[in-house]
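K.L.:
Produce the complete structure using the sequences and hints provided.
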Amino acid sequence: MADIAIDTAVRRGESPIGSTTSVAAGHATEQLQVQEANEEPVQYPTGPQLWLNAGAMMLVCFLHGLDLTIVAPTVPSLTNEFKTVADIGWYSAVYGLVLSATNFFFGKMYTVFDLKKVYVASVATFELGSVMCTFAPSSTVFILGRAVTGIGVMTFISRSFPVEKRPMMNGIMGFAQSFGLVSAPAIGGALIDAFSWRICYGINIPLGVIAIVGSLFWMKDLFPNPDLQLPLREKIRRLDPVGTVLVLPCVVCLLLALIWGGTKFAWNDWRVILLFVLFTVLSVSFGYVQHRQQEKAILPPRIMKNRTVLASALFCCCTNGILAVTEYYIAIYFQGVQGYSAAKAGLLGLPMIVGLAVTSLLASFSTGWIGYYTPFLFATSIFAPIASGLLTTLELNDSPVKVAALLGFLGVAVGFGIQQPVTAIMTVLSPKDIPMAMGVLALGSGLGSSAFIATSATLFQTRLVAEIANHSPGTNTTILEDHGLSDLRKVLGPDRLQDVLLGYNGAVIQTLYLPLGLGLLTIVGSTLTEIKSVKKKD
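Position one of the sequence shown corresponds to residue 1 (our numbering), numbered consecutively onward.
Hints are computed from structural coordinates only; laboratory data are not their basis.
Where a beta carbon is used, it is the ideal one built from N, C-alpha and C, also for glycine.
Among the hints, a few may not be true.
[Unchecked claim] No farther apart than 20 Å at their CA atoms in a straight line, the calculated lysine to any residue pairs in the SDA-like style are these: (1) 264 / 276; (2) 344 / 199; (3) 116 / 51; (4) 402 / 392; (5) 264 / 84; (6) 83 / 138; (7) 532 / 213; (8) 344 / 489; (9) 344 / 196; (10) 305 / 143; (11) 535 / 372; (12) 532 / 375; (13) 264 / 469; (14) 117 / 232; (15) 116 / 264; (16) 83 / 463; (17) 490 / 341; (18) 490 / 193; (19) 305 / 524; (20) 305 / 292; (21) 83 / 139; (22) 83 / 196; (23) 490 / 338; (24) 305 / 287; (25) 116 / 49; (26) 264 / 466; (27) 535 / 466; (28) 535 / 368; (29) 264 / 140; (30) 116 / 196; (31) 83 / 132; (32) 344 / 397; (33) 264 / 284; (34) 264 / 253; (35) 432 / 534; (36) 305 / 532.
[To be verified] Label-pair ranges, simulated between beta-carbon atoms: (37) 397 / 432: 52 to 60 Å; (38) 491 / 305: 38 to 46 Å; (39) 293 / 80: 28 to 36 Å; (40) 489 / 216: 44 to 52 Å.
P.N.:
Here it is in structure tokens:
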């Protein structure tokens, strides 16, 4: 779910399909802004070549959307396969972690290296990560595969198409990713029930190969980039290697502290304290490097001083955290607590994604009509906490219709505002600052999903042990490590199963208080965002 907030930009009141921002922006690239009026006439591809190129990019966008949400229905199967509950936070968090940490680096690479080669190399990296996930013999290898996959997330290159076709192409690519997002729970559930959880990741391999072949033959960068001729030393310098190197360990230290604290180690353990200290030191060092680099930095300080940029990043962080945590633990609730099949769990989770997609589209159109984005930000800040709060009332034997309805309500609530930070950025900032600000939104979105998934995993594991001990004192909680989350019915007798499931349900519900808190926190982003009319922007 992490990137839906930045995938479709709205400018001057246009609908999302009129966006000029990259779609599927796993790496929010610096858009190489082309002043077509000052360029020599360009012969764009037409006919079959145009649509074959678009088809290859659509496939990548679809795979990106699919990979964002397909991990949730596979979590119970992964715990059964690898016999561990301790790693569930990493399965999704590491994807957002790497995506966030490499975000600006890939944006810089587009400015100094061959566009086509960088694009193809990234898709190939995505493929490598998918292979590792598909054949992973252990939880550690699977996590490493998810990390490699996160490196390989790539963007749609809108400049490959004529100006008059870019709005349409942006819309097509946005639809491809949205279709992947919406269909992933159902596709994942069906594949798990019919074959294995491994096929959920293996499906990327043949489709990715088709995308690579298509890109090699049909993608062309039609605008010459003089920076391609720079010496390698100068290219590396422009990538801000020091800043890039500081980002990854900084985020890793934060996630390790959040995942280990309270579970593997006590919060006051020297290891956890050291991780927080390292995170602080690396963060300060990164800020200092960016200050020294100024406009050459991967994150120029003047961008980070903008109130709307910071408020929008906070809003994206919260909304993506709400969606990621809810989707993750509702999948566990359906398969573990209720005992539904993966396919049924996937179908019951669809209302949240569908509600999100439909409402975000309607809100984007309405923004152009009303002229202001802030009402929709506040709508999310009002309704998202209510929807998340209602989900904390779920009980062991609740009707699946009730759960699906509440998920749909949450999707609608978040959908009101999830695209509006992009609209705010494109309304408030000058065109040359928009790409870097979009990168900040990507960072906020990625950290929102990864950091709060990590936090929720710690909370869930802690509460799971406590709740099972409370409801079923004689049950050895190591049974979860031995059999996973969805096989409890096979190993527990009926006299003990009900009590364990009550504890299981209690742990899920208490974890869902985290999205409630994030929903309340969105009011800060809504309030601090500057109020400007999209109709008055030149």
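K.L.:
Hint by hint, say whether it matches the structure.
P.N.:
Hints versus structure:
no.: 1; hint: 264 / 276; in the structure: holds, 15 Å
no.: 2; hint: 344 / 199; in the structure: holds, 17 Å
no.: 3; hint: 116 / 51; in the structure: holds, 17 Å
no.: 4; hint: 402 / 392; in the structure: holds, 12 Å
no.: 5; hint: 264 / 84; in the structure: holds, 13 Å
no.: 6; hint: 83 / 138; in the structure: holds, 9 Å
no.: 7; hint: 532 / 213; in the structure: violated, 45 Å
no.: 8; hint: 344 / 489; in the structure: holds, 17 Å
no.: 9; hint: 344 / 196; in the structure: holds, 15 Å
no.: 10; hint: 305 / 143; in the structure: violated, 35 Å
no.: 11; hint: 535 / 372; in the structure: holds, 8 Å
no.: 12; hint: 532 / 375; in the structure: holds, 12 Å
no.: 13; hint: 264 / 469; in the structure: holds, 18 Å
no.: 14; hint: 117 / 232; in the structure: holds, 16 Å
no.: 15; hint: 116 / 264; in the structure: violated, 44 Å
no.: 16; hint: 83 / 463; in the structure: holds, 19 Å
no.: 17; hint: 490 / 341; in the structure: holds, 14 Å
no.: 18; hint: 490 / 193; in the structure: holds, 17 Å
no.: 19; hint: 305 / 524; in the structure: holds, 16 Å
no.: 20; hint: 305 / 292; in the structure: holds, 15 Å
no.: 21; hint: 83 / 139; in the structure: holds, 9 Å
no.: 22; hint: 83 / 196; in the structure: holds, 16 Å
no.: 23; hint: 490 / 338; in the structure: holds, 14 Å
no.: 24; hint: 305 / 287; in the structure: holds, 12 Å
no.: 25; hint: 116 / 49; in the structure: holds, 16 Å
no.: 26; hint: 264 / 466; in the structure: holds, 15 Å
no.: 27; hint: 535 / 466; in the structure: violated, 54 Å
no.: 28; hint: 535 / 368; in the structure: holds, 7 Å
no.: 29; hint: 264 / 140; in the structure: holds, 16 Å
no.: 30; hint: 116 / 196; in the structure: violated, 35 Å
no.: 31; hint: 83 / 132; in the structure: holds, 19 Å
no.: 32; hint: 344 / 397; in the structure: holds, 16 Å
no.: 33; hint: 264 / 284; in the structure: violated, 27 Å
no.: 34; hint: 264 / 253; in the structure: holds, 15 Å
no.: 35; hint: 432 / 534; in the structure: holds, 17 Å
no.: 36; hint: 305 / 532; in the structure: holds, 18 Å
no.: 37; hint: 397 / 432: 52 to 60 Å; in the structure: holds, 57 Å
no.: 38; hint: 491 / 305: 38 to 46 Å; in the structure: violated, 56 Å
no.: 39; hint: 293 / 80: 28 to 36 Å; in the structure: violated, 48 Å
no.: 40; hint: 489 / 216: 44 to 52 Å; in the structure: holds, 49 Å
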